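Visitor: Produce the complete structure using the sequences and hints provided.
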Amino acid sequence: MTREIAVIAFAQTDHRRSTEESSEVELLMPVLHDVLAQTGLKTADIGFTCSGSSDYLAGRAFSFTLTLDGVGAWPPLSESHVEMDGAWALYEAWTKLLTGDADTALVYSYGKCSPGSVRDVLTRQLDPYYVAPLWPDSIALAALQAQALIDAGHTDEPALAAVGARSRADAEANPHAQLRGRVPQGDYAVRPLRTGDCPPVGDGAAAVILAAGERARRLCARPAWIRGIDHRIEAHGLGVRDLTDSPSARLAAERAGAFERPVDTAELHAPFTAQEVILRRAFRLGDDVRVNPSGGALAANPLMAAGLIRIGEAAARIHRGASDRALAHATSGPCLQQNLVAVLEGDPR
Amino acid sequence: MPEVLRAPLVVEFPFTRSLGPVQSAFLTGLRERVVLGVRTTDGRILVPPVEYDPGTAEEIHDLVEVAPTGTVTTWAWNHAPRRGQPLGSPFAWVLVRLDGADTALLHALDAPGPDAVSTGMRVRIRWAEERTGAITDIACFEPYDGEPQRPDGHTGEFEDPLTGIVAPARLDYTYSPGRAQSAYIDALSERHTVGERCPSCRKVYVPPRGACPTCGVATSERVEVGPRGTVTTFCIVNIKARNLDIEVPYVYAHIALDGADLALHARIGGIPYDQVRMGLRVEPVWAEGARFPDHYRPTGEPDAPYETYKELL
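Residue numbers (UniProt numbering), protein chains in the order written: chain W, 1 to 349; chain D, 1 to 313.
Hints are computed from structural coordinates only; laboratory data are not their basis.
Certain hints may be false.
[Unchecked claim] Label pairs and their calculated CB-CB ranges:
(1) Gly-321(W) with Gly-55(D): 41 to 49 Å
(2) Phe-15(D) with Arg-218(W): 44 to 52 Å
(3) Leu-244(D) with Asp-55(W): 46 to 54 Å
(4) Asp-287(W) with Arg-44(D): 36 to 44 Å
(5) Glu-224(D) with Arg-255(W): 38 to 46 Å
If you're wondering where the values come from, they're calculated on a predicted model, not measured in any experiment.
Glycine is no exception: its CB is placed at the ideal position from the N, C-alpha and C atoms.
Guide: Given below as structure tokens:
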């Protein structure tokens, strides 16, 4: 029989434009302590630890090793790292728990975008032969996708501005958000995207604890059970893809079981306004679904943590009874290239 | 609290990449003003070409020449070009489906302004004057209202095909080591060595990083350690490092500074390399104007007994 696994605790930093006064471990430790305190666990009680981050953001090799100081790696612990958003670290931890090798897992991720120029850094994840030598930055690629969506008649600039405004208005209730309240639509960053259509650049960290079966019930009043997770990738050539659609996101949602029953909440990792339009269609979300009540990545987008935060925010809503069934989505790469979907449920009330 | 340090950090690599047969033909073709695509199993022509069918993952290598003219499938106006991008003046990013191709190529379009660009507009390649076999051999696209140009049916075989490319990459950062390490570096510049004590296990870590790696808790109680210390273990370096003006062989050692519960590492000088030993008592030597010790040298004290440092090996 498949084990039931749940998100039982979630913590995140206040996301800010710069945290240069803190090293990686100094940034991370408060959220690690927070999730441990929520569950009463000590690091030595954790069966598996998995983290996500990127050396390219830090500009240093093996930057993640510094954060191990924050988990107290003595006695030696079972640990792994993904050079990805923490949502993919959570996927690894989930599979580890499924095997029965561990009953609890600590998943954390962090991104310090402030030391470098994110627009330039992200060009280094592109095809190194045909694309990266042109240095197309992350906003430029998102703008190509937005224009394709506008040309296809799926949205227009005022509709995109409304997505940004709704996200930042919702973020008013999120003390961790970096951008909240009335944010001007702004000038064009790369047309058709304006600054208001783009995420803030910032630093932040997040942590989640997973537990299996009865262990989860003992440690959490209302565990957010992971009913399914799947992640899919599309061809890396942007010109091969239909940029107005996200078949990888749709397939991941299908395999995660998202379409079996309606969800009431969706936390979508859509750093650009146009990407929310694409994801809403891919996930067939109706107007009755609460999308990004946290404000989403448009309110705070610490790279490598923003996807894990979507899962954490969805889980936290289940923990506090604001949701019974939620879809959480994380993305990576240009123009929604890679997509991960998790379906979370609370016990019936 | 002293100010947190910051300094520019440049990460720069000339990535040397080898090319497979399809990428070699495509990039060699650009050098010769020929654009090649590759035919997939189901007959579509991919430009730029890849070596494996994105649908079936089958190896593909059937090269097909396509035209240097094409149609914009989507675009974005870039009013503020960034370093390394194809044009220095405002331009449009475009995906262009070249005539004869089924997929689109990303590049820049030279146009007077956003009003002159639209999806569906016709464009053609403007070749770079000097071409080396790189995607930048296409200088950019330009608006074109003539007939679709016809390719000559090039086979993709070249006399002097490329086998690799060098792709330079440079990223600029502002590095900041955070509170704990800034304090350590600041103290060093005044010829003091400071560590931090763990509030839980009471161990003193040097250099401090703001956390106890054993207990996983924040450290903040600053403790001065050294300046003298004990060699706990060492190695003899026989290979000369590039740009390092130190004669080999020399000794690199772990040194437990007095009062520290973790050994740091440094070079040992002032003693023949083959006389360095575990337990040797050493002290730092500061070069004029330096912000950190150049090396450690023997103090002349008797060696420390093994029991005093065995936990710090």
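Visitor: CB of Leu-244(D) to CB of Asp-55(W), is that within 46 to 54 Å?
Guide: 25 Å, violated
Visitor: Could you check the hint for me, namely that Gly-321(W) and Gly-55(D) are 41 to 49 Å apart, CB to CB?
Guide: Taking Cβ atoms as reference, Gly-321(W) and Gly-55(D) lie about 45 Å apart, which means the hint holds.
Visitor: Is it true that the C-beta distance of Phe-15(D) to Arg-218(W) lies inside 44 to 52 Å, as the hint says?
Guide: 51 Å Cβ-Cβ, so the 44 to 52 Å window holds.
Visitor: Does 36 to 44 Å hold as the CB distance between Asp-287(W) and Arg-44(D), or does it fail?
Guide: 38 Å, holds
Visitor: Is 38 to 46 Å right for how far apart the beta carbons of Glu-224(D) and Arg-255(W) are?
Guide: With Cβ atoms ~58 Å apart, the hint is violated.
In summary, the numbered hints that this structure violates are 3, 5.
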